[in-house]
Amino acid sequence: MVWEVVIGLEIHTQLATESKIFSGASTRYGAPPNSQACLVDLGYPGVLPVLNEKAVEMAIKFGLATGCEIAQRSVFARKNYFYPDLPKGYQISQYELPIVHGGHLDIVLESGDVKTIGITRAHLEEDAGKSLHEDFDNQSGIDLNRAGTPLLEIVSEPDLRSAAEAGVYMRKVHSLVRYLGISDGNMQEGSFRCDANVSVRQKGEPKLGTRTELKNLNSFRFVEKAIEIEIERQIDVIEDGGKIVQETRLYDSDKNETRSMRGKEEANDYRYFPDPDLLPVVVSDKAIEKLRSDLPELPDAKRSRFESDFGLSSYDAGVLTAQLDTANYFEATVAAAGDAPPKLIANWVQGELAAALNQDNLDITDAKIPAAELALLTDRIQDGTLSGKLAKEVFEAIWDGEDSVDAVIEARGLKQISDSGAIEKLVSDVLEQNPEQVQQFKDGNEKVIGFFVGRVMQASQGKANPKQVNQILREKLNE
Amino acid sequence: MSLDREDIDKLCVLARLKITDEEMADVGSKLSDIVELVDELQAVDTASVIPMAHPLDREQRLRPDAVTETDDHERIQKNAPQVEKALYLVPKVIE
Amino acid sequence: MHDKTLAQLSDDLAARRVSSVELTEHYLQRIDQHDKELNSFITITRESALEQAAAADKRIKAGETSPLTGIPIAHKDIFCTDNVKTTCGSKMLDNFVSPYDATVVARLAEAGAVMLGKTNMDEFAMGSSNETSYYGVVRNPWDKEKVPGGSSGGSAAAVAARIACAATGTDTGGSIRQPAALSGITGFKPTYGRVSRYGMIAFASSLDQAGTLTQTAEDGAILLQAMAGDDERDSTALPDPVPDYGAAMRSPWEKISIGVPENFFDDGLDDASAVAIREGLAIFEKLGATIKDVRLEHIHLSVPVYYVVAPAEASSNLARFDGVRFGHRAEDVDDLTEFYMRTRGEGFGSEVKRRILTGTYVLSAGYFDAYYLQAQKVRQLISDDFERAFSDVDVLVGPTTPTPAFGIGQKMDDPIQMYLNDIYTIGANLAGLPGVSIPCGFSGGLPVGMQLVGKQLNEAELFKAAYYFQQETDWHEQVPAGYE
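Residue numbers (my numbering), protein chains in the order written: chain A, 1 to 479; chain B, 1 to 95; chain C, 1 to 484.
Where hints are given, some of them may not hold.
[Unchecked claim] Within a straight-line C-alpha distance of at most 27 Å, the following computed DSSO-like cross-link-like pairs (lysine-lysine) qualify:
id, chain 1, residue 1, chain 2, residue 2
1, B, Lys18, C, Lys411
2, B, Lys10, C, Lys91
3, A, Lys130, B, Lys92
4, B, Lys30, B, Lys10
Just so you know, the hints here were simulated from the structure itself, not pulled from any lab data.
Okay, chain A solo, but in the shape it has when bound (with noise of 0.2 Å):
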């Protein structure tokens, strides 16, 4: 049986506000337990909830990016439901009339095609507080400072066919919001969390399965591994003759498998209505267009000027424009190199720089080489004064802490040997040396001339430049 995967996500991103979206108390994360929970936020009687203006503009930008037709009017909605991380015993959110909805984004699949997925809506809601579970017998502590911190819940259509797909998308979104400036995308710290919508039907069945919702998936990597884990469990679920329940489950990453939370989910009934305590939000056209002129290039455009501008692959110019903080370290880069050409410097960022990024476990941002030095760096390998085998040296050096290209191969004496005369020098002494290497060259082992390149960069300690040697080299040999 040939099975088709239908996967729609749900992104919730907290937006990038100094504020709560209804009240004054600070997002700021990490705060001692209930110190940014103001009365507003802890549900106290009497108060009243007022619209943060940002809150509201992220929300629109996120819908310009992606085509949504951004509502003229958009209400806000209680969506009723006790539990203790939610104080007022309801959400405010938004439920029939969203900001911003019928919008799309375009992802790039592993086989290079492109794919466009809908946005069905984006609307805007708050955040609930944690629940603490840990140092209380039979008993959890309530941290609201988290409560009110606006959200902006992305909604795709059931668009995604694979575990894959689904993780490219995310990934494509979360690249978005830090490029609109919306969201810091941390996904340690929460800000940028997915619920999955998965189901499975024969290929060709027009009518969509049973789906579940999979719960608070909280890294690229436990999105790909729930949806693959889940679609193998429906599989076997309907394989073995059974049915699909439609409900909530939760996945467990140390068990790499999912559960169901019912029981917890008990004939749910959340009671939508209008907030009386708040009134339609209407956004004029010129707002509107205010924004969009503010908008900031986006990844696609980006992706395709550094392919036009600097002349790289689709592929690099992808890898590069994922990450907004990337791209802007590549172009402070070329920026300020001289002569290193886009594509070199392409390499030096995706090579060598992400490894040691990688290594280290740090954001570009913090890279421990400025842009303007990794520039200097290329610089020197396209003028001849370092080889690339130096210049991951020099590389290095400034990494661990050394202050500057130049700095570092003065003080390491670590400048290629580009004269020629002192190369020809080196290639002599070394012929001289190996009379039987030379015989075997003449009788037409051209592989030896490895073995004098090896020699005479030994005899430069490396800083020959090999291209210079390897002509020379010929030219003696064929005299």
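Go by the hints and put chains B and C onto chain A.
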């Protein structure tokens, strides 16, 4: 429409409201009376009427994104029945 | 002193014929003397009242006065008061000390008013008789076997008995106008949003509105002047400038056109009350108003609409009372759901429970369209009826309640009869209109209220009509026996 015991039990769970057995009979009959009262609405033709969610035909005001609140949890938590390490305590939440 | 109106006392204070401390002590003494039987106060803030009075006297001495400086008033216990117990008439909040002031409370304090205490009310403002209060029934000063009306029954009784000069109240379906009518005083509910709801414990957010309970329309205008206006903490507060109500009220009488909703005089209305209202209308006619009949086509549906919309909003508004951050908490419960159910089951009284369950029902899956959505549509029809009427007339005038004050316990077992008591007042809440009830006679020795309803933001016109009426009549000057 009248509400039976099962309906009311369901509503009580949804509304997280304990009704004692003594209260139940009274609640049942009075709720049914109220439902009967509001059932009068069913006969009204409202086919072309837009629901009125609010008496004001106004727009939502927006607040500048600024932090205006300061930490006052010690004073605020004097009202809280059970607090430890500045956390509000509840019976164990099982996920 | 207590026989004087707020306006008169304001003049006396400004002219320093009396000090605020003297006045406050006088009212506190009257509370001591009379409130054991009336039960109109839940909390008396004696010490802070005297401090506020002393501060007011200093301001008066320094010449920094407003008409309210030094005037002893009472707040309905629905308004949060910083550092003072705020119960909303419920066991749920019996131990709740608000850490902040409601905007109304802050503004009146700013104007120099002295808070005598917090008045009794129906639990969470759900009631029309003040009998649902956790703190016991309030007695009507005109007849202690009768209810004072509700939910602002404590405020109404206190002003009627002249143990407070004036009081604040809130009106969701008639909760200012109805007790004002039953207690023989003037009760003013402004346009929805005219007064900030911040710090006023919510019952039904799209209907709740704060207002005044006073002896006269003139007093109401003075009090509302200080309460009204925009508030950045309330998204539904109206930003429109607040006119000078006093000046508008005293401006020369212009011919107004009064509409009388004929269906308000149907079978349900008490005969003597009908006579009193007709006589009141004759006074307006004498003043030069034209009177015409108007028909509010859907007004008879206002009670069912209200009993869908208000409980729906209340069921959600009252979800925050869960025993975690404040309020009553059930003891010795290990299971979370049981914890919530017991906390709320113990903390709320039976009327509140009924409304929460009704609201939960009308919002629940499968019933939402038939009840909640349908009620919103009929609400629109009712609102349209008012708009149509106001295209023809300036003010609507009719009875405030079907009957004068009823007996304590008389309607407690029949919620529908209780609900129908608000049949004439609910319409103004549904449409967000300002309304005022003024004394206009007696029925069987009990006061009768006449209701005036105006267009949105037309408070000034209502005050003026009520003021001119009170220039011509002395019903508002009647004081119940024993409280002269």
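Structure-based check of each hint:
1. Lys18/B with Lys411/C: With Cα atoms ~25 Å apart, Lys18/B and Lys411/C stay inside 27 Å; holds.
2. Lys10/B with Lys91/C: Satisfied, since the Cα-Cα distance of roughly 25 Å is no more than 27 Å.
3. Lys130/A with Lys92/B: holds, 13 Å
4. Lys30/B with Lys10/B: It holds: about 17 Å lies between the C-alpha atoms, which stays within 27 Å.
Of the numbered hints stated above, none is contradicted by the structure.
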